[in-house]
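Number of protein chains: 2
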Amino acid sequence: MPKQKTSFREIRYNEKRQKILENAAKLFARKGYEKATLEEIAAKLKLTKGSLYHYIKSKEEMLFQIQMQALDQANEALERVLRSGLDPVEKLREAIKSHVQIVTREHVIGTLRQQELLLPRKWREKVVAERDRFERAFQSIILEGVEAGVFERKNWRITALAALGALNWIPRWYSPRGELSAEEIGEAMADFILRGFAGGVSSLTT
Amino acid sequence: MPKQKTSFREIRYNEKRQKILENAAKLFARKGYEKATLEEIAAKLKLTKGSLYHYIKSKEEMLFQIQMQALDQANEALERVLRSGLDPVEKLREAIKSHVQIVTREHVIGTLRQQELLLPRKWREKVVAERDRFERAFQSIILEGVEAGVFERKNWRITALAALGALNWIPRWYSPRGELSAEEIGEAMADFILRGFAGGVSSLTT
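If you read the protein sequences in the order shown, they are chains G and R. Counting in the numbering used here, the first sequence runs from 1 upward without gaps. Counting in the numbering used here, the second sequence runs from 1 upward without gaps.
Calculated cross-link-like contacts (lysine-lysine; reagent style DSSO-like; alpha-carbon spacing at most 30 angstroms):
1) Lys44/R / Lys122/G
2) Lys31/R / Lys122/G
3) Lys57/G / Lys31/R
4) Lys31/G / Lys122/R
Hints are computed from structural coordinates only; laboratory data are not their basis.
Isolated chain G, as found in the complex (with noise of 0.2 angstroms):
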């Protein structure tokens, strides 16, 4: 068999089963994960449950594959910034844009968080991993800008998260039908995260 006709055959199968995990992100996302069934993903995208089972075997397997594929490009993003030299200020406000970008965009997916408890658990050992390494490398910018003197050291870690909260809270919010794009949220979030970060809260102190 000519090596391009495999090849071509495989973007095909790539594209339909990216397809199928999207059209199933959408129904987990409204229905639960729960109430959806295999029979309506199918029904969706007008497959029937044997021709949806040759792309993916189980609703576990699309919940597992929906995550891990958003939090891989939430480490890719971070990681881009991790690399580009900026100075820690300007490292988080470009971590914190990108990652409002990816939120925004997949926010469907991001309402699946919290769901990982339902996978098995080789699967929910590598969501809780990739998490935990994009969480890791967030918190290295913040400890970047606190050794450099320009983060308030005090309470860093709890105030790490207070921003990863916020950040990853947007999902529960967002819509695109919202008055703000992406961008002007993503904006508003480095700044207020930023200022968060910079000291001086005894001016607002009565």
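Using the hints provided, position chain R relative to the given structure of chain G.
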């Protein structure tokens, strides 16, 4: 039947029901709501499934009651702050600190957020309405500060959502065995969020 006796029986009944809910919350948080069974909850409390049914009819009702109790507490605490007569800065600080007290005490329940999709519509709508009530009250404090000129007006709605995200995320990382007490976490959160509302990010940009 003497009234005293009935009332004593009611207290016992309510205590037992509360204990069932607390055990269910822990099991849901640990295993995931879907994987936990009524049989397990009953067994943990040395009850038969039949006597469990005397207190509560379904897993869905447990999830509903657990979420509503936590939201009630959060709303009550926030309303006390709203009535306090403090200025906006101190009001926001108190709101954050008292909310952190609740979410750290109830961190098990906090991990059950997002699960309301699993509830029947009539209950789901109540949970969402209580949550909206909390978020509106929280935003009203921020708006008060914006109007008073002490909080940054630009993108204040996004900033309010960022602050709520930081708080709502706490149950995901909080551990009662962690280094900092709930009080210290509350202070750190309040410092971070108040700095975030204070403006003055320009001093940080390079």
